[in-house]
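Please assemble the complex out of the two chains, which come individually in their own frames, going by the hints.
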Amino acid sequence: MAGAAKPLDVGAIPYEGINEIIGNYKGDSSAIIPILQDIQDLMGYVPKDGISYVAEKLEVSAAKIYGIVTFYAQFRLQPVGKHMIMLCEGTACHVNGAKLISGAITDELDIRGGETTPDGLFTFEKVACIGCCSLSPVMVISGETYAKLTPEATRKILKEYQAKEAAVQN
Amino acid sequence: MEDQGKTVIKVGLSTCGIAAGGTKTYEALEAAIKDNNLDVVLQKTGCIGMCYQEPIVDVVTPDGTLFSYGAVDEEKGRRIVAEHVQGGTPLQDSLIGEERQSVVGGQVRISLRNCGIIDPESLDEYRATGGYQAIEKALKKMTPELVIEEMLKSGLRGRGGAGFPTGMKWRFTRMNKGDQKYIICNADEGDPGAFMDRSIIEGDPHALIEGMMLAGYAIGASQGHVYCRAEYPLAIVRLQKAIEDARAEGILGKNILDSGFDFDLKIKKGAGAFVCGEETALIASLEGERGMPRLKPPFPAEHGLWGKPTSINNVETFANVPWIIANGADKYAAYGTEKSKGTKVFALAGKMNRGGLIEVPMGVTLRDIIFDLGGGVRDNKKFKGVQLGGPSGGCIPESLLDTTVDYDSLNRTGAIMGSGGMIVMDETTCMVDMARYFLDFVQNESCGKCVHCRLGTKRMLEILTRITEGKALPEELDLLEELAYNVKEGALCGLGQTAPNPVLTTLKYFRDEYEAHIHDRRCPAKSCPELLTYTIDMELCNGCRRCAKRCPSEAIIGEKKEPHVIVQEKCIKCGNCVDACKFKAVMVE
Chain A
156 MAGAAKPLDV GAIPYEGINE IIGNYKGDSS AIIPILQDIQ DLMGYVPKDG
206 ISYVAEKLEV SAAKIYGIVT FYAQFRLQPV GKHMIMLCEG TACHVNGAKL
256 ISGAITDELD IRGGETTPDG LFTFEKVACI GCCSLSPVMV ISGETYAKLT
306 PEATRKILKE YQAKEAAVQN
Chain B
620 MEDQGKTVIK VGLSTCGIAA GGTKTYEALE AAIKDNNLDV VLQKTGCIGM
670 CYQEPIVDVV TPDGTLFSYG AVDEEKGRRI VAEHVQGGTP LQDSLIGEER
720 QSVVGGQVRI SLRNCGIIDP ESLDEYRATG GYQAIEKALK KMTPELVIEE
770 MLKSGLRGRG GAGFPTGMKW RFTRMNKGDQ KYIICNADEG DPGAFMDRSI
820 IEGDPHALIE GMMLAGYAIG ASQGHVYCRA EYPLAIVRLQ KAIEDARAEG
870 ILGKNILDSG FDFDLKIKKG AGAFVCGEET ALIASLEGER GMPRLKPPFP
920 AEHGLWGKPT SINNVETFAN VPWIIANGAD KYAAYGTEKS KGTKVFALAG
970 KMNRGGLIEV PMGVTLRDII FDLGGGVRDN KKFKGVQLGG PSGGCIPESL
1020 LDTTVDYDSL NRTGAIMGSG GMIVMDETTC MVDMARYFLD FVQNESCGKC
1070 VHCRLGTKRM LEILTRITEG KALPEELDLL EELAYNVKEG ALCGLGQTAP
1120 NPVLTTLKYF RDEYEAHIHD RRCPAKSCPE LLTYTIDMEL CNGCRRCAKR
1170 CPSEAIIGEK KEPHVIVQEK CIKCGNCVDA CKFKAVMVE
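Chains A and B, in that order, give the protein sequences.
First residue of the first sequence? That's 156 in the numbering used here, and the numbers climb one at a time after it.
First residue of the second sequence? That's 620 in the numbering used here, and the numbers climb one at a time after it.
So here's chain B without its partners, still in its complex pose (with noise of 0.2 Å):
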């Protein structure tokens, strides 16, 4: 390419490299190689994963020797071209290369390869990896039937959570007959603590494209689908560029590749409403209704968008399929176990030392990823419980720890695979209020069309609450149980019958926390703020007054420099004078 032979600087611009001040970083390094006339390329880059080190900017010297730095700010931005680019000499105090290679290059990266790599506005840069070979493989010389056989010798399953075979979706979809077919991407990632699917839309948005397509001409459709969160503006902007620039190149449109296969892709933005990851509710708020499930069957294969067969797989399942098609099924399938084939996407986020994003192959251990990938528990506290699959999940305690990471395994325990959010407790989170916080979620997101979800999690959630405020009777936590089991059989959709998962495992594992709080009134992670006492150590405080300044309620008495009191009836434990105490006086029990 053109740019062979120049210095190359990266940026990893997705939403968190944003968050974490890349533009500003950007700016700062565009106004640096400007100012010097430097002959340097400047180019925006997706997510590598290591979302806890942004904003990452890689520097490729012309022979092609990649230096990674780690928080580069501003100023740390200039000081990268003044230093290395026109002084050659890299600043070694802020290179990540080492722990980049033992972050990244111990994962398989498939449905990931291309994140933080390329430039995901560049149509010609996916193409330069191997982008649209798979479908000009599968338009010239597979069948769809072929397709659709291959993807069910790579074994791979749905990646959205529920791990439906994705070949055997396909196949139904095409045997089903009907003069219009749909396929649909499901990015509604509601999920809160996963964002795979946003980062391969940021990071690598032809890839989805690409998979939708070899989707379209397996099941015999013309049309696509892909109904994204609102939440996600970047990933929105990227990915109807994409869609714009392969519609220009002729990817995408009519007679593709001469092949007389049609196809192009709409993009619908969702309203903010979890449930719509739920394929009959999706359907239901693309046609422009409320998103309310409906029975299944029939299934959508069968009767789907408009009433007819649809298919909808999740972006991870569709970025992992050109990889498959160009590769092979056999290679793909030699990752991961008997029944859990390839690889998975996890986010790794809570008390977590490294959070942001890992692929790895099914079959590897909770704990290879949490202490090894993930750098363990942060600030040295001890690891309680990991959290995986969001709200329809559960939480895993440490002694399930060598669980491995496939459908099966982790469907034993309780938690699901989920989407792949993971995340990581330390002894500071209480259990019982994770659970709660999970009811809450799901409550509020309740479509309200059956009873069990509608009223079974409200109740549960008020059993909660009361428990986390420590007013609840022992006999509350059978009732409890019983009304869990209940939602779970009797909901009418994938929200309802795994919302009491969260409560089921922490039950199941975490009892005594339940019990503590129920019978001792004591919150034993010290964070249910009605069953903490807030009191000042009278040798530690000098009387400085700024806790006094802070309280809201005017809660704290005392002369200046003179050892202050906390009123326990005005109290109202917002923890304000913890923080504003330089000297630690402040004790919470």
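Here chain A stands alone, though its shape is the one from the complex (with noise of 0.2 Å):
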């Protein structure tokens, strides 16, 4: 999943694993979506140079895979933090204040939806529902679930995996 994904520099397309992944489906056009979903694995996002490799391999148009990985939500063409934050916004959430959850990450971190942190640690993105609806708001960060937040429990969430990164960099 996103969780896991390390961020890599733009440029380095690992062409190898992407051959391996188009192999993995025997060069099947009609598993583009698919493949692509490997790559994001792979890299954490869908690079634009890798899209006219994948095209060119599959023999479609870049235009067609262009068109399919704006059309679904999952797809990136930017690069992710090292620990993504996806807020959930169904509705259970959102009635259970989500939107408070929102304003103290973007106050914490000085992100919004979308955005990537400058020292390339955190992306916060808003997500639908994630199906805990009961244990609402909630929040996943790098693959784990943080359930029944409040504003203050979510800074303090946040606190912790900064705390962490800055002694790993000491």
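These are computed hints drawn from the structure, not numbers from a lab.
It is possible that some hints are incorrect.
Between beta-carbon pairs, the in silico distance windows are [unchecked claim]: (1) D654(B) - I168(A): 48 to 58 Å; (2) L914(B) - E214(A): 38 to 48 Å; (3) L914(B) - S207(A): 25 to 35 Å; (4) E320(A) - K1001(B): 39 to 49 Å; (5) K1001(B) - G298(A): 33 to 43 Å; (6) I168(A) - N656(B): 46 to 56 Å; (7) E214(A) - L685(B): 51 to 61 Å; (8) L914(B) - G222(A): 17 to 27 Å; (9) D274(A) - I1191(B): 20 to 30 Å; (10) E214(A) - R1130(B): 51 to 61 Å; (11) D274(A) - Q859(B): 30 to 40 Å; (12) D196(A) - N656(B): 49 to 59 Å; (13) K756(B) - I168(A): 53 to 63 Å.
Below 30 Å or equal to it, Euclidean Cα-Cα: the simulated DSS-like pairs (lysine-lysine) are [said to hold, decoys possible]: (14) K212(A) - K888(B); (15) K1192(B) - K1090(B); (16) K1192(B) - K314(A); (17) K1180(B) - K1192(B); (18) K695(B) - K303(A); (19) K1068(B) - K203(A); (20) K1192(B) - K311(A); (21) K1090(B) - K314(A); (22) K888(B) - K950(B); (23) K254(A) - K625(B); (24) K1127(B) - K1000(B); (25) K643(B) - K663(B); (26) K237(A) - K311(A); (27) K1000(B) - K1203(B); (28) K254(A) - K237(A); (29) K319(A) - K915(B); (30) K958(B) - K1068(B); (31) K254(A) - K1168(B); (32) K1127(B) - K1090(B); (33) K1000(B) - K314(A); (34) K860(B) - K653(B); (35) K311(A) - K643(B); (36) K958(B) - K760(B); (37) K219(A) - K1068(B); (38) K1192(B) - K1168(B); (39) K254(A) - K1192(B); (40) K888(B) - K203(A).
Virtual Cβ for every residue (Gly too), placed ideally from N, Cα, C.
Quick look at the structure:
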């Protein structure tokens, strides 16, 4: 999943990995979506250069692949931070104050939905329901789910991540 | 089985249990059992539906007595092992058996029959509950026509929302000619607020496989696809394991049970598009295209995946099928009302005391569900409305709480059964904001193919946003209503046709709230920030400066130990000061 993704330098396309992924689907052009999903698992995002490479390999137009990438919410054209924060904006979370949580994240990290912190540590994304409605409001950071959030609890969780990262760097 | 005579400990490890910290509880139990060298069986199970009590731990003693514990953290887990398993004395204050009896005992669990009871990763446990006997019965004793006949007799209607009779869908697909046919499971549960499909796949994946096998046999398909949301990683992992286990046992594959019937399954991960819950869009996505719907007819039963006859059914629908074939259609049809047979799963969430999943016979009232099983509104607040059926559904007010849950009665209110998401709202929820929320959702998810949905929802959202900001003109309310009817009639697919429902129902039942926003520039629920004013009560404020430190716009001024003041021009109405104040001195009007 997205949480496990490592940020890579833009421009460094792992062609070998992409070839292997395409090979797994035997070059089937109807498997474009799973191929792109695997590429995103590998790289954390779908790079633009990767799109033209896949298009060439599958013998379809790059426009078609670009159309698919931009149609589905899951695909990202930009690299992501080390920790992916996914804030649920489902109905139950909305009713139980997801907006306040969103405000706390923005306030604490100075990024809005869809943005990454300049240090590359956090990417903040707002997502549709993740299906934990009775524990709302909910967010997922790097695959770990945090339930029944309050703005206070959210700040505390983010501070813990920041402290852990600072400890690693020292 | 080999575990007989041993104490069994089960930990609820669905997404909800894991989110509540169930994995840590499981590890603590595992360590405690190992450290003390206990001959105890530790198992994972799915969700019993009492999500508000997760992590739930069940202890089943060798004599078969069940002790249910709620909200078990690591510490409590260790105590359960030490005091109950080793010491023989249950932890009285943490037992939730009585509550479980009143919540679970008050239900009729057919599609959820094994959830939270068996280990979802064990094929043997599914078999021990009678699993895979329905497909055996069908393959050995029933013709495909007879299976369809049985489904028609059961009265089962599509549980994904539209409520089309399942048997009829299968009959059409069977009758249409094709060298290859497909069965598809729609597990693209995109409706925010519904999570029964996730829970069924995570808690009882083999029931879905068996249901799809029966459908495949009935329509003459040898290949099935499960289109599952990528947002449900655990469901995908468990289903994949179940498929592999079933293949290894020869349950899936060629010549199943020597009947000549071949059937196999593939999982396809969705990529995050709500519109792919619409069946023609789902097919386009499976074929590797942008998930855009197309005009019907032709229906998928005639022209579906790769142009072949295809039946698309929902997870909950499939989970009912093995039970119906095993127990008989009459037994299923004995539950429910004349036109809505059987049971339905509802996901209870929002301002509800006991959020979770419940399954009840059709025909019970909303009041029964919300107040008896759901335990009523949280924090003793006043019930305002219940949102049914997600972005395609509507808000039902208190005066209609005695409406029975069946397809036709719910449609008459302007809401729909939908997939069964039920979000309870109290006096602090603004109904205009609710309508705006859903419009924002569908507007984002509109695929852009037809003008009514693409532009209509956008214009509606703009009006709703202006209303919540207190900037709308009185005549815009009529325009909003007119737009809503036009989108309903003109949109190409179900997404657009139902998108105006949240607006139309809130206009019908909560028009006074719209009018208060427009005429009085006031939000009765005190929820729309632009219409609120934050002030500090000079009597209650002791000048602790906590609020001033938290204010992102430096709008709070005052000396230490002196009452503070909010500078209205600077206030961005974020509400941080309300959270920060320990003396309830910040007032919101």
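Taking the hints in turn, this is what the structure says about them:
1. For D654(B) and I168(A), the hinted distance range of 48 to 58 Å is satisfied, since their beta carbons lie about 50 Å from each other.
2. Separated by about 30 Å at the C-beta atoms, L914(B) and E214(A) break the suggested range of 38 to 48 Å.
3. A hinted range of 25 to 35 Å for the beta carbons of L914(B) and S207(A) is consistent with their spacing of about 33 Å.
4. Distance hint check for E320(A) and K1001(B): the Cβ-Cβ separation is about 45 Å, which falls inside the suggested range of 39 to 49 Å.
5. For the pair K1001(B) and G298(A), the beta carbons lie near 39 Å from each other, so the given range of 33 to 43 Å is met.
6. Take I168(A) and N656(B): their Cβ atoms lie about 53 Å apart, and the range 46 to 56 Å holds.
7. Distance hint for E214(A) and L685(B): a CB-CB separation of about 59 Å, consistent with the stated range 51 to 61 Å.
8. The hint said 17 to 27 Å for the Cβ distance between L914(B) and G222(A), and at roughly 21 Å that hint holds.
9. Separation of D274(A) from I1191(B) is about 26 Å and conforms to the stated range, judged on CB atoms against 20 to 30 Å.
10. Between E214(A) and R1130(B) the Cβ separation comes to about 57 Å, which falls inside the hinted range of 51 to 61 Å.
11. Checking the proposed 30 to 40 Å range against D274(A) and Q859(B) shows it holds: the Cβ atoms sit about 36 Å from each other.
12. Between D196(A) and N656(B), the C-beta spacing of about 41 Å breaks the proposed range 49 to 59 Å.
13. Against the hinted window of 53 to 63 Å, the Cβ-Cβ separation of K756(B) and I168(A) comes to about 54 Å, which satisfies the hint.
14. The suggested pairing of K212(A) with K888(B) holds, with an alpha-carbon distance near 22 Å, which does not exceed 30 Å.
15. Under the criterion of a C-alpha separation no larger than 30 Å, the hint pairing K1192(B) with K1090(B) is consistent with the structure, at around 17 Å.
16. With a CA separation close to 24 Å, the supplied pair K1192(B) and K314(A) stays within the 30 Å bound.
17. For the hint pairing K1180(B) with K1192(B), the CA-to-CA distance comes to about 24 Å; that is within 30 Å, so the pair holds.
18. Of the pairs offered as hints, the one joining K695(B) and K303(A) holds, with about 20 Å between alpha carbons and a cut-off of 30 Å not exceeded.
19. For the suggested pair K1068(B) and K203(A), the alpha carbons sit about 25 Å apart, so the restraint of at most 30 Å is met.
20. Between K1192(B) and K311(A) the alpha-carbon distance is near 22 Å, which keeps this suggested pair within the 30 Å criterion.
21. For a cut-off of 30 Å, the pair hint linking K1090(B) to K314(A) is broken: about 38 Å separates their Cα positions.
22. For the suggested pair K888(B) and K950(B), the alpha carbons sit about 35 Å apart, so the restraint of at most 30 Å is broken.
23. Note on K254(A) and K625(B): the hinted pairing is violated, with a Cα-Cα distance of about 48 Å set against a maximum of 30 Å.
24. Between K1127(B) and K1000(B), the direct Cα distance comes to roughly 23 Å. Compliance with the 30 Å bound is thereby established for this hinted pair.
25. Restraint check: the Cα-Cα separation between K643(B) and K663(B) comes to about 13 Å, which is no more than 30 Å; the hinted pair holds.
26. Restraint check: the Cα-Cα separation between K237(A) and K311(A) comes to about 19 Å, which is no more than 30 Å; the hinted pair holds.
27. This hinted pair checks out: K1000(B) and K1203(B) have alpha carbons roughly 18 Å apart, not beyond 30 Å.
28. At most 30 Å may separate the alpha-carbon atoms for a hinted pair to count; K254(A) and K237(A) meet this at roughly 24 Å.
29. For the suggested pair K319(A) and K915(B), the alpha carbons sit about 55 Å apart, so the restraint of at most 30 Å is broken.
30. Restraint check: the Cα-Cα separation between K958(B) and K1068(B) comes to about 35 Å, which exceeds 30 Å; the hinted pair is violated.
31. Of the pairs offered as hints, the one joining K254(A) and K1168(B) holds, with about 21 Å between alpha carbons and a cut-off of 30 Å not exceeded.
32. With a C-alpha separation of about 21 Å, the suggested pair K1127(B) and K1090(B) falls inside the 30 Å cut-off, and the hint holds.
33. For a cut-off of 30 Å, the pair hint linking K1000(B) to K314(A) is broken: about 33 Å separates their Cα positions.
34. Annotation: proposed proximity of K860(B) to K653(B) holds, straight-line Cα distance about 27 Å (limit 30 Å).
35. Note on K311(A) and K643(B): the hinted pairing holds, with a Cα-Cα distance of about 20 Å set against a maximum of 30 Å.
36. About 29 Å separates the Cα atoms of K958(B) and K760(B), which keeps this hinted pair within 30 Å; it holds.
37. At most 30 Å may separate the alpha-carbon atoms for a hinted pair to count; K219(A) and K1068(B) meet this at roughly 16 Å.
38. Proximity of K1192(B) to K1168(B) is assessed by CA-CA distance (about 15 Å); at most 30 Å being required, the pair is judged to hold.
39. Under the criterion of a C-alpha separation no larger than 30 Å, the hint pairing K254(A) with K1192(B) is consistent with the structure, at around 12 Å.
40. Between the alpha carbons of K888(B) and K203(A) the distance comes to roughly 22 Å, so the proposed pair stays at or under 30 Å and holds.
In this structure, the hints that do not hold are numbers 2, 12, 21, 22, 23, 29, 30, 33, in rising order.
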